[in-house]
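2 protein chains.
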Amino acid sequence: MGETRLTKEDIEDLAIGAAVLGTGGGGDPYIGKLMAIQVLDKGKEITLVDPNDIPDDAFIMTSAFMGTPITIIEKLPSGLEAVKALESLENYFGRRADYITPVEAGGLNSTIPLYVAGMTGKPVLDGDGMGRAFPELQMVTFHLYGVKATPMSLADEKGNSVILDTIDNFWAEKIARVVTIRMGGWASIALYSMNGKKYKEAVIPHTISKGIEIGRAIRDAKKHGKNPLDALLDVTRGFKLFEGKVVDVSRWIVAGFAKGEVTIEGFDDFKGKTMKIMFQNENLVAIVDGEVVASVPDLIVVLDLETAEPITTERHRYGYRVAVVGIPCDAKWRTPEALEVVGPKYFGYDIEYVPIEERVKALGLG
Amino acid sequence: MGETRLTKEDIEDLAIGAAVLGTGGGGDPYIGKLMAIQVLDKGKEITLVDPNDIPDDAFIMTSAFMGTPITIIEKLPSGLEAVKALESLENYFGRRADYITPVEAGGLNSTIPLYVAGMTGKPVLDGDGMGRAFPELQMVTFHLYGVKATPMSLADEKGNSVILDTIDNFWAEKIARVVTIRMGGWASIALYSMNGKKYKEAVIPHTISKGIEIGRAIRDAKKHGKNPLDALLDVTRGFKLFEGKVVDVSRWIVAGFAKGEVTIEGFDDFKGKTMKIMFQNENLVAIVDGEVVASVPDLIVVLDLETAEPITTERHRYGYRVAVVGIPCDAKWRTPEALEVVGPKYFGYDIEYVPIEERVKALGLG
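Chains as they are written, first to last, in this note's numbering: chain G, 134 to 499; chain F, 134 to 499.
Do not rely on the hints blindly, as some may be mistaken.
If chains are identical, the list can't say which one is meant, so a pair holds when it fits in one copy or spans any two.
To be verified - Result set (BS3-like, lysine-lysine): computed pairs, CA atoms no more than 25 angstroms apart in a straight line:
hint : residue 1 : residue 2
1    : Lys291    : Lys281
2    : Lys330    : Lys141
3    : Lys177    : Lys378
4    : Lys330    : Lys356
5    : Lys331    : Lys409
6    : Lys177    : Lys281
7    : Lys392    : Lys359
8    : Lys208    : Lys307
9    : Lys356    : Lys478
10   : Lys281    : Lys355
11   : Lys141    : Lys355
12   : Lys373    : Lys355
13   : Lys307    : Lys291
14   : Lys392    : Lys333
15   : Lys373    : Lys333
16   : Lys330    : Lys177
17   : Lys333    : Lys208
Rather than coming from a laboratory, the hints here were simulated on the basis of the structure.
This structure is a prediction, so every number in the text was calculated from the model and none was measured.
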């Protein structure tokens, strides 16, 4: 509620929580964490504001990175391009943003807006358009509620910038995607501008504080010698779907997306079973011996078995001992209209979406 | 000199002349011709203005199509996107253009600006940045004289638009190219905005009236039973390089460009010889039996042997009986700096540029 000044500890916790909500994708929050901490080190402040407290006529812009997560590791951002993307969109509108909002609570895009907000002296809103991470621009509750992604800006670290104005959010995705590829794999973006009234209707609220809460729960559990995985399941209302060892990882980059598949051989309670997880930036579908155990839009999270630290899809390695956790997505994603945008069929899987609570009950995993 | 109101006959003549100056590329002027005539049919005027007559502080914008010529045939423009590209750039600048200039005297881009000028009630300048056609954005005298291509707008027929602001004109080319591909192969663009003083310094003047003059010379020759090819050589100060029959055409589309090669078997004076012409949208290099006879930036034009009508690279067919003509390029293209931008080496050919006048003299073709 109200306003909170974020501390370094909050940002450290958020980086862990955002990696969980990143469901394997969204880019490693580590880089965004360093950027946000850098803001505090410069003596600037990052103020988190409850969406319920903003005026209806506030002007809100969404700040994010777009691109293939692995290229963000290869070509590090300076942060200037993130501020430039915001400012060039403000210039295009001829109006300054009152608040910055994250578009994703998961991954790098949870912390990038904190950096942009801190550097530009604007408050950042405690909410996002996903409650997790998703790979495409239109996979956001703002889209479901009729907000246009464009006018949208893209900026790269070299100083190039682009403004898009498209007929719909799918065209924004298509054109922005090729621009990010040409810019070197990723770009800073500003998009989904809207007023406070629309934002309160369309946002998934309190997801940044939720990310901080998840990170803190894991940290506290470790500090007190408790099982961090249990703490994670507790704070997220998640389900343990699998435990095992990574035995195979395939990756390919298609049209600017990091796609792939990871195979995990079970042990302990899951001995003799094999889980396959298919991903496109984020984990999309988890299948155990031919049976779907979880799918988008529910969250599938792969964690280090000992530390409960999330493993992003670009970091999977043979031999990792992991736990796989499923977490229910926000209710806004469970309508038929929302499932058309983010359900397994959109991603090319001939699978009906079944809420994870029902799947685990049926499978006796709950 | 001064101002000229263009007639339908002028536009018909320009379409022929622009196809000559298009040097095989630039898109078929036929579509642009129909668009420009449509303007006159609506009762609007197209006023051609001598660059020498404009004030130094006039604000000038360049209007063009960008993309693979063959896709313009496949997906016809409505014209609205051309006006939209101009207007969205004007909106970005917050200033209306006083004059429209063509960027290419060759091909489709000679007549598109006439359409845009007529529809928006602005005069069009009698000059361009090439004196011919070239395949890439930075291959323009405006670039040589330090004018920035960006801010640049792109618009498609669906209603999508994009504004670029890049660190240099090569990045404008790179990003605009992938956007045009994503938009379906081509886009309407507005770019290279400058004031009257810079324009007068950077332009190749009187190329639109030159295009009209070429078309008229061909038409007049036919009307009076004279050889249209001789008339063409006369008005362009060109050289006949070859006569023969097209025996092979290869085409491939690479990264948004129509590349290829045409092989011509000589007859009459050229019997027993074979010419190969390599093209990338435009004809780049002509080689007879291993010897270079002409290269960019000089113009290489393939014409129907009987009618002297130019044949664009996308229309080459087995069996066509053709004459190949070489025309000297503007002196602005013959400096070492200019040859770095448009010389044969830029296009990947290990060939020194030699002015066509010298080549034909050495070969005894003059």
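Hint check:
1. Lys291 - Lys281: Classified as between; 16 angstroms across copies, 27 angstroms inside a copy.
2. Lys330 - Lys141: Neither way: lysine 330 and lysine 141 sit 31 angstroms apart in one copy and 55 angstroms across, limit 25 angstroms.
3. Lys177 - Lys378: neither (43 angstroms within a copy, 74 angstroms between copies)
4. Lys330 - Lys356: Neither, since 42 angstroms and 71 angstroms both go past 25 angstroms.
5. Lys331 - Lys409: neither (39 angstroms within a copy, 63 angstroms between copies)
6. Lys177 - Lys281: neither (31 angstroms within a copy, 37 angstroms between copies)
7. Lys392 - Lys359: neither (35 angstroms within a copy, 66 angstroms between copies)
8. Lys208 - Lys307: Both: 22 angstroms inside a copy, 19 angstroms across copies.
9. Lys356 - Lys478: For lysine 356 and lysine 478, neither the intra-copy (42 angstroms) nor the inter-copy (65 angstroms) Cα distance is at most 25 angstroms.
10. Lys281 - Lys355: Answer is neither; intra-copy 43 angstroms and inter-copy 57 angstroms both fail.
11. Lys141 - Lys355: Close inside one copy (19 angstroms), not across copies (83 angstroms); limit 25 angstroms.
12. Lys373 - Lys355: Within one copy only: 18 angstroms inside a chain, 85 angstroms across chains, cut-off 25 angstroms.
13. Lys307 - Lys291: both (22 angstroms within a copy, 13 angstroms between copies)
14. Lys392 - Lys333: Classified as neither; 33 angstroms inside a copy, 53 angstroms across copies.
15. Lys373 - Lys333: neither (33 angstroms within a copy, 72 angstroms between copies)
16. Lys330 - Lys177: neither (29 angstroms within a copy, 46 angstroms between copies)
17. Lys333 - Lys208: Answer is neither: 35 angstroms inside a copy and 42 angstroms across each miss the 25 angstroms cutoff.
Going down the numbered hints, you'll see the structure goes against 2, 3, 4, 5, 6, 7, 9, 10, 14, 15, 16, 17, while the others check out.
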